[in-house]
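Turn these sequences into a full structure, and let the hints steer you where they fit.
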Amino acid sequence: MDTELKQRLEEITSEIKEIIKLLEQGCTSQVHKIVTDEACYLLKSSFDERYRDWLNTEAQVLKKLNQLNRVPVPKFYSFIQAKDSSHLLMSFEEGITLTSALSKARDNSERKNLIRSFGRFSATVPRNGIG
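Numbering (full-length UniProt numbering), first residue to last: 1 to 131.
Derived from the structure by calculation, the hints contain no laboratory data. Just so you know, not all the hints are guaranteed correct.
Calculated pairs, DSS-like style, for lysine-lysine (alpha carbon to alpha carbon, straight line, at most 30 Å) [claimed, not checked]:
id: 1; residue 1: Lys21; residue 2: Lys63
id: 2; residue 1: Lys75; residue 2: Lys6
id: 3; residue 1: Lys33; residue 2: Lys75
id: 4; residue 1: Lys63; residue 2: Lys33
id: 5; residue 1: Lys83; residue 2: Lys112
id: 6; residue 1: Lys75; residue 2: Lys21
id: 7; residue 1: Lys64; residue 2: Lys21
id: 8; residue 1: Lys6; residue 2: Lys33
id: 9; residue 1: Lys112; residue 2: Lys75
id: 10; residue 1: Lys83; residue 2: Lys17
id: 11; residue 1: Lys112; residue 2: Lys17
id: 12; residue 1: Lys63; residue 2: Lys6
id: 13; residue 1: Lys17; residue 2: Lys33
id: 14; residue 1: Lys75; residue 2: Lys104
id: 15; residue 1: Lys17; residue 2: Lys6
id: 16; residue 1: Lys75; residue 2: Lys64
id: 17; residue 1: Lys83; residue 2: Lys33
id: 18; residue 1: Lys104; residue 2: Lys33
id: 19; residue 1: Lys63; residue 2: Lys75
id: 20; residue 1: Lys75; residue 2: Lys17
id: 21; residue 1: Lys83; residue 2: Lys21
Listed below in structure tokens is the structure:
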């Protein structure tokens, strides 16, 4: 992480104690857990122009969902655009990704249930003023 980005993040979070790359995350972004004395944050960083646009869209949707307060989502803190990268800072939420849950599922029935649950949750987004 470059010094300028770290300084900008610390203006929002407080002094960063640890940065942990999350390996099973991010096909379109690099994902890091940012640890401070007060809290943990998630930082998604994209470098390809197309993925930067996607990350910007994700940031705007997350910000709007935070304002509506109807769907449980991570807290939006900031979207930072640099010359060659974009960064979304949000709260770090304990849990498991859908990809991980699918890979750990015991059978196809459990996988289908996970996908259905995700679909039901995703369907709430348009009903809540997003989309």
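Against the structure, the hints:
no.: 1; hint: Lys21 with Lys63; in the structure: holds (24 Å)
no.: 2; hint: Lys75 with Lys6; in the structure: holds (19 Å)
no.: 3; hint: Lys33 with Lys75; in the structure: holds (14 Å)
no.: 4; hint: Lys63 with Lys33; in the structure: holds (19 Å)
no.: 5; hint: Lys83 with Lys112; in the structure: violated (42 Å)
no.: 6; hint: Lys75 with Lys21; in the structure: holds (20 Å)
no.: 7; hint: Lys64 with Lys21; in the structure: holds (27 Å)
no.: 8; hint: Lys6 with Lys33; in the structure: holds (13 Å)
no.: 9; hint: Lys112 with Lys75; in the structure: holds (29 Å)
no.: 10; hint: Lys83 with Lys17; in the structure: holds (26 Å)
no.: 11; hint: Lys112 with Lys17; in the structure: violated (40 Å)
no.: 12; hint: Lys63 with Lys6; in the structure: holds (22 Å)
no.: 13; hint: Lys17 with Lys33; in the structure: holds (11 Å)
no.: 14; hint: Lys75 with Lys104; in the structure: holds (27 Å)
no.: 15; hint: Lys17 with Lys6; in the structure: holds (11 Å)
no.: 16; hint: Lys75 with Lys64; in the structure: holds (11 Å)
no.: 17; hint: Lys83 with Lys33; in the structure: holds (23 Å)
no.: 18; hint: Lys104 with Lys33; in the structure: holds (22 Å)
no.: 19; hint: Lys63 with Lys75; in the structure: holds (8 Å)
no.: 20; hint: Lys75 with Lys17; in the structure: holds (20 Å)
no.: 21; hint: Lys83 with Lys21; in the structure: holds (22 Å)
Hint compliance for this structure: hints 5, 11 are not met, and every other hint is.
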